[in-house]
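These protein sequences, in sequence, are chains A and B. Here the first sequence stands for residues 1 to 121, numbered as in the working numbering. Here the second sequence stands for residues 1 to 579, numbered as in the working numbering.
No wet-lab data here; the hints were simulated from the structure. Computed from a prediction, not measured in an experiment: that's the story for all the values here. Ideal placement from N, C-alpha and C gives every residue a C-beta, glycine not left out. Treat the hints loosely; a few may be bogus.
What the hints assert, rightly or not - Pulled from the structure, derived: some chain B residues nowhere near chain A, Cβ distances all over 10 Å:
| hint | residue |
| --- | --- |
| 1 | R45 |
| 2 | D62 |
| 3 | P109 |
| 4 | E386 |
| 5 | R439 |
Unchecked claim - Quick list of the computed label-pair ranges, beta carbon to beta carbon:
| hint | chain 1 | residue 1 | chain 2 | residue 2 | range |
| --- | --- | --- | --- | --- | --- |
| 6 | A | I60 | B | D62 | 21 to 27 Å |
| 7 | A | C57 | B | L486 | 34 to 40 Å |
| 8 | A | K66 | B | L187 | 28 to 34 Å |
| 9 | A | G69 | B | A234 | 51 to 57 Å |
| 10 | B | R143 | A | T101 | 53 to 59 Å |
| 11 | A | K66 | B | L486 | 32 to 38 Å |
| 12 | A | K66 | B | D328 | 29 to 35 Å |
| 13 | B | A234 | A | V68 | 53 to 59 Å |
| 14 | B | D62 | A | K66 | 42 to 48 Å |
| 15 | A | I60 | B | E402 | 34 to 40 Å |
| 16 | A | G69 | B | R556 | 18 to 24 Å |
Unchecked claim - Examples of chain B residues toward chain A, derived with CB under 10 Å:
| hint | residue |
| --- | --- |
| 17 | A104 |
| 18 | V113 |
| 19 | Q119 |
| 20 | L120 |
| 21 | C183 |
| 22 | A220 |
| 23 | A221 |
| 24 | D235 |
| 25 | S239 |
| 26 | H242 |
| 27 | C334 |
| 28 | G408 |
| 29 | E414 |
| 30 | R416 |
| 31 | A417 |
| 32 | S425 |
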Amino acid sequence: MKTITVFDKPMCCSSGACGPSVDPVLAIFADDLRWLAAQGIQVKRHNPAQDASAFMCDAIILAAMKEVGEAALPVIVVDGQERSRQSYPARAEMAAWLGLTDASDPLTPPKSACCGTSGCC
Amino acid sequence: MPAVEPPAVADPAFVASPHPNIFFTGKGGVGKTTCACATAVLLARAGRKVLLVSTDPASNLDQVLGVSLGLEPVAIADVPGLSAMNLDPERAAAQYRERIVGPARGVLPESLVRSMEEQLSGACTVEIAAFDLFAGILAGETRPADVETVIFDTAPTGHTLRLLKLPAAWSDYLENNTTGNTCLGPLQGLKEKQQLYAEAVRVLAHPDLSEVILVSRPQAASLREAERTRRELADLGISRLHLVVNGLLPHGADPVAVSWTGRAAEAIANMAPQLASLPRTTVALNASAFQGIAALAGFFSSPVIAVPSDPIPYNPPLAASWDKLVDDLASIPCGMIMTMGKGGVGKTILAAKIAEALASRGIPVVLATTDPASHAAEACANRSIEVVSIDAAAETAAYREEVLASAGAGLDPEGRALLDEDLRSPCTEEIAVFRAFARIVQRGVGALVVCDTAPTGHTLLLLDATQAYHRELGRQTTTGVPECVLQLLPRLRDPAFNRVLIVTLPEATPVQEAGALEQDLARAGIRPHAWIINQALGLTRTLDPLLRAKAGQEDRWLRDVLVRPGRAYAIPWREDYLY
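Work out the full structure, taking the sequences as your base and the hints as a guide.
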């Protein structure tokens, strides 16, 4: 089974519903992960404010932390390979990494398309 | 006039046949801590192992016991068999935070560790941390094995009801989770917590395991609150209750005392029938505070009121100053006036009377309250004054709708359902209440908002949350954050906008707590405008020997307040100004 792992920024809760304002990007991203799970992808999500141990036991994330620090977050890992840093990718982008064909979702605006592992941002 | 019942002479039933968990709850200032301590001493003397736990963030159990209490039980030397602890939410939150963040120190980047700490400093962490400790003692492995009875001395009503509702609220939230990710962390790591919360629900509602003692003064407002608590507890399936009516003056020797006695008899005769049908213990008014914990053994069974044979001649050190107070407050006809202080000092009635007095001078006034158990609307006689309160359930529902309409706008139905599920977390209520508070403060831009606050502990938590959110706002983009939230802390700190009145009674505990409140406010960058000494008996010139004796004891506390720098006003005792 293909796995996508999200290493979040420290948050009170993953929807951002607990903060002074709810970030719509987080709500959309949570929905995209739900969609991926429905396609049979294993989705793991780690919030350092809740399970810091997931960060301390993962070589990829430790390397990113050493290199860039907190600013690297969120980091997205697909099947053991880092795919993106510093922003929440769009559904289409994640679908492509996971080899899913149909990601056409008119409601999800493509965002930060340049910000993959290419390092262009 | 209905007859006044004689005070108790024997130990009450909850002492004679104690449950494993005994809760003392009631309005601020009714004597919860005294009743809880008296019960603890009696049970320990009878050979039981007793743990006394305060769940009030503004607990004064330390002072009563003369021991500094923390999150671990401490043995009380004077009373063999008794230990005590204080579930201070801020300390609980610090411990909770350290458990998560501690192992990451030195491993993850320092800036990340700091952000983690920030995220774990909000109102919801504070609440869940204290609640976890509470549930652990009630139903989990942190309950000391040899303890036979745990006595909970709780915060004033509103927040205690919230605490007692949380086991069911968190159980339901975790049970209905579909995504595996909850706002407490991944669901799979929470199995133990789920079991703990479910067990806490069971223990609370089990008639052989838990008993709740509703403590009340023989006063209408206090008994109404006891009845409201009875009803809400019944909704939670908690029905093993006992009523303690504390502080009865059996007969009066002058007009002030006669009025005092008459009001009490009337209030007792008119209490709700369901409340009247509960097993009841009546305790006599005592002129002197009990000195030392061991002396409390006689608290429930002292039928004779201790009146000094020669009442102290009494000249109060200052005059009543209501008009001066109103003149002072009317000098700025907009912004906020907040009444703060320990439960039971008369914050609500003072806020209402101040609002009435200012409105009668033609100032546009809004009367507001942040206390979930407030009766501000009833206390205000001028019906043309707008009264604004925070209805937590309605605010939470409205906030959920608002977020679904904004952040949820771009989502498909499944995505919206997911967001809605997150928003059903019990901690959403903390956010919604906080935003409602910011909106109340915003009203001070065009009017003078007179705001009655919840008892000290929870008002401080609200201010802490304000500071935590304010720091958070400094870190993120502020799009979508309401203007009133952005302005909240600067407004509260502006002495020309926000005038805090520290309300106290001329008694030891309220004055000590008011001093602590002043220091806590200073840490939040807020300087109080004035102190108000409420319900000064001496200013009534009573001749009743018992009340004179009480008035004599006020003296040192009045002087204590008067020597402080800054303004102070004194308001005489009035039977219709009680609460």
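Structure-based check of each hint:
no. : hint                           : result
1   : R45                            : holds (46 Å)
2   : D62                            : holds (31 Å)
3   : P109                           : violated (4 Å)
4   : E386                           : holds (27 Å)
5   : R439                           : holds (13 Å)
6   : I60/A with D62/B: 21 to 27 Å   : violated (49 Å)
7   : C57/A with L486/B: 34 to 40 Å  : holds (39 Å)
8   : K66/A with L187/B: 28 to 34 Å  : holds (31 Å)
9   : G69/A with A234/B: 51 to 57 Å  : holds (54 Å)
10  : R143/B with T101/A: 53 to 59 Å : holds (56 Å)
11  : K66/A with L486/B: 32 to 38 Å  : holds (36 Å)
12  : K66/A with D328/B: 29 to 35 Å  : violated (60 Å)
13  : A234/B with V68/A: 53 to 59 Å  : holds (56 Å)
14  : D62/B with K66/A: 42 to 48 Å   : holds (46 Å)
15  : I60/A with E402/B: 34 to 40 Å  : holds (38 Å)
16  : G69/A with R556/B: 18 to 24 Å  : violated (57 Å)
17  : A104                           : holds (4 Å)
18  : V113                           : holds (9 Å)
19  : Q119                           : holds (4 Å)
20  : L120                           : holds (6 Å)
21  : C183                           : holds (3 Å)
22  : A220                           : violated (40 Å)
23  : A221                           : violated (35 Å)
24  : D235                           : violated (26 Å)
25  : S239                           : violated (34 Å)
26  : H242                           : violated (38 Å)
27  : C334                           : violated (25 Å)
28  : G408                           : holds (6 Å)
29  : E414                           : holds (6 Å)
30  : R416                           : holds (8 Å)
31  : A417                           : holds (9 Å)
32  : S425                           : holds (7 Å)
Checked against the numbered hints given earlier, the structure breaks hints 3, 6, 12, 16, 22, 23, 24, 25, 26 and 27 and satisfies all the rest.
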